[in-house]
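Novice: Spelled out from the first residue to the last, the chains are:
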Amino acid sequence: MSGHPGGPATAAPGTRTRPSRRLVRTVTVVASCLAVLAAAVVVGVRALGQEPTVTLLANWTGDDEKDFREAVLEPFERKYHIRVDYQGSNAESQVLGADVEAGTPPDVVVLTGPGELADYARQKHLLPLEDLVDPKDFGTSWAMPLADGHVYWFPLKADLKSIVWYPAGVGEEQRAQAARQPAEWCVGMGSGATSGWPGTDWIEDILLQRYGPKVYGDWARGRLPWRSQQVKAAWTAWRGLVGAGGDPALVRRALKTPYDAASQPVTARPRGCTLEHQASFIRGQRAWQQADGRYAPSAQLLAGTAANQAWEVSGDLVALLHATPAAEKLIRHLASADAQRAWSAKESGFSVHTDVRPAPGDAGPDWRRSLARTLRDARETHCFDASDAMPPAVRDAFAEATIEFLAHPDHLDTLLRSLDTLSGTQGLTWLPSVCDGAPDQPSGLSPAPMPG
Amino acid sequence: MTTGRGTTPAPGGGGTTPGPAHRAAVPPGAGAQPATPSPQHPHPHPRTRPADRRPPGRTHRRLARLLDRLPGAGPLPEAGGSTTARDLAVRRRLLLALSALLTLSLFVSYQGVHGDANALRTSSAPAVLSLDTALYALGQAQRDAGAPAPTSDFQKQISVAAQSLSAAAADDDIGGSGGRQALQTITGLITVYAVKVQQSQLQPNGSVLREAYLSYATSILTEKGSGIQDRLKTLQRQQRAAVHRQTSFGPPLWLSWTVTLLLALALGAALLETQLFLRHRFRRRYNRQLLAAFALSAAGVVTTVLFTVWTQQGMTDTRQLLDRPLPGRLIPDAGRDTASYLAHTGFRASAAVWILIGGVLLMALAETGLRRHIDEYRFRPR
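Protein chains in written order, with the UniProt record's numbering: chain A, 1 to 452; chain B, 1 to 382.
No lab work stands behind these hints, which were simulated from the structure alone.
Note that the coordinates shown come from a computational prediction; the quantities given were computed from them, not determined experimentally.
No residue lacks a Cβ here, since even glycine has one placed at the ideal position from N, Cα and C.
Hints may be right or wrong, so weigh each one.
Label-pair restraints from in silico Cβ distances [stated by the list, open to error]:
1) B:G328 to A:P52: 36 to 42 Å
2) A:A168 to B:N205: 56 to 62 Å
3) B:R237 to A:R341: 57 to 63 Å
4) A:D338 to B:G250: 54 to 60 Å
5) B:G176 to A:E130: 41 to 47 Å
6) A:P52 to B:A339: 44 to 50 Å
7) A:S370 to B:G176: 42 to 48 Å
8) A:E130 to B:N205: 32 to 38 Å
9) B:A339 to A:Q426: 49 to 55 Å
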């Protein structure tokens, strides 16, 4: 009870404080809301800033890497807000091996060798892809289930290898004459860590065109010795074609020239070389663009036959090593017709996706349409690059052997003996099949039991 | 009726009798502070000099008007009514708000500099030096690779490069998973490079195979864009950019420190004004808690500013040192210099928690400094 009769002195402050308290409460609530909102914004911005990433290891560098980023990776990053940490290296196998051993493999890898992938699959480093990719999109030759019933890879791009490039305007007779002169062949064996692989392509294709897919398949699957008459003849034929052990200047040029610079003499005046036995992707090099390069089936020039018995092909195969949501999205993207079409449009290679068929009215040069048709023609026999299909240790020794053979062809017996010894090593993973459509082999590479 | 400034506080006894809190605050015989009002003697300061008797200065009046407009100040008392309770409440809220804001602002500003100093000292600067070392060692290895016979120097340089990359890879801030993947790729390439050099050295001197293997090795090392050296330089650019980000005292930091210093000035002024206010209104010459709060805030701000200046100076020196390419023989010296520039930054960074503790203490001092006066003027609403 107030001691003041009228009570205003005591009552008034009490009543006056109510709006004041309400104001304080309002201000407090608003300030708290603002603080929470600010904190949420900060957390949200940080969360957005830390976009998911996926690591990708492949072998493309230089212009190929640039094209791949522009055509395939950047659209993916924009669409899914996932950053792709791409590493490209021609020492991809060595880098991948070290990463896997260290327990820090990339999420996704693009390798050229099904033999190496089969080895990783056997060691349980690869993850099945059937839930992410429809193998029917590529056909069983390219994305086949292994013995355990799982599909572990699919092709991102493919190339034809049984071809010889020449400048426009060089006639058939000129080509035949040039093929008999080692100096007319543009040869480059250099490729950094994987130097020597162009030599393996020569020997593989000579063997395939001269002896057919059965002999080729047996050899690539470790069932035909390196010292067999056929394989030895292929090496000897290559010696004659490129002049191994002959003119030192020519040998030096062949050994020291990087494979992607081998065609540069084509545009020199006078022309430094005329023919190049190289895969379809080499047409993207500036020299062949300037020379308006054309191709001929390699059998005409390597084996003296009218048509190829079969076509050697190669592929860049995508596999999954670490299944994160971001990596799975990237796998789906790489297997999509849109990504394959975009990559194919860059002319760095060809897609074998069933939905990326070249239409008759498609723009593009004849040679490109013709190559694409050959690559997809079900009536033709396609054999995977034998060295890529071999176990990695044999593949690498094969490449080294071609380098040494080019300088010292007299070492052939020693080299082949070493390769036979290595191939006989226990525990190597050999693919059961490397050719499709071959009469004595199952279609595709898969149905046989998984080796190892 | 109460019209005096010291409207009777009565926490437990209505509006006419001093309550227990008041009684406890006023020593017996010392006179009421505020004294019990009465119609005859409305002013509650029988012994002390009532503030009402001293006309407030112009500045004080302006400040008072400003304070009146603050949120939470409540409505002005009726004409002739006492404003002391309201003035105390306003000052309490102001001091608490300023203390909280200053604490927050100082913490954010301090962390803005010292948080990066830690990362610079433990991650970015060592990573830059590791990459410098690796590049230098590979350059030396390339020189030794052309030797007629295998040399131990080549192996040593390869080992130095590999170890440097391992050290860089141990850095959590090397560029995320992409950076680590890049380092692993480079490490793999160095192994391949060493193998190719060894292959060349196994061939007879002057042979074509020796030239060939050496050319493969050189391309692995020097190829444009994808060679080891270019990859290392790319990583180095990224790390130097990280050092720049961490060491720059950019506009956000200038803004936060400006706000912090303004808040510190405002708090200091508010504490002094409150001290003067209390001195005018009450008999005590000094409020020890408010003086302690003033000293604490001044010492805290001065200390943190000094720590920040020292750390920022060390970071700037580090950036200038790492910005230029370092010749191999200077890299160890640069490592030592960097360590000395950034010495004690860890200790100074860990002092950030004391800002929060100091802030709580500051608010507690402000609260306790005014609480007893506020309690004396607390009204119980009818």
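Novice: Are the hints correct? Go through all of them and say.
Specialist: Hint by hint, here is what the structure shows:
1. Taking 36 to 42 Å as the suggested C-beta distance range, the pair G328 of chain B and P52 of chain A conforms, at roughly 39 Å.
2. With their beta carbons about 44 Å apart, A168 of chain A and N205 of chain B fall outside the hinted range of 56 to 62 Å.
3. Range check, R237 of chain B to R341 of chain A: about 35 Å between beta-carbon atoms, so the 57 to 63 Å window is missed.
4. For D338 of chain A and G250 of chain B, the hinted distance range of 54 to 60 Å is not satisfied, since their beta carbons lie about 42 Å from each other.
5. For G176 of chain B and E130 of chain A, the hinted distance range of 41 to 47 Å is not satisfied, since their beta carbons lie about 31 Å from each other.
6. Checking the proposed 44 to 50 Å range against P52 of chain A and A339 of chain B shows it is violated: the Cβ atoms sit about 36 Å from each other.
7. At about 45 Å, the beta-carbon gap between S370 of chain A and G176 of chain B stays in the expected band of 42 to 48 Å.
8. The hinted range of 32 to 38 Å is not satisfied by E130 of chain A and N205 of chain B, whose Cβ atoms lie roughly 56 Å apart.
9. The hint said 49 to 55 Å for the Cβ distance between A339 of chain B and Q426 of chain A, and at roughly 53 Å that hint holds.
The structure fails to meet hints 2, 3, 4, 5, 6 and 8 from the earlier list, while all remaining hints are met.
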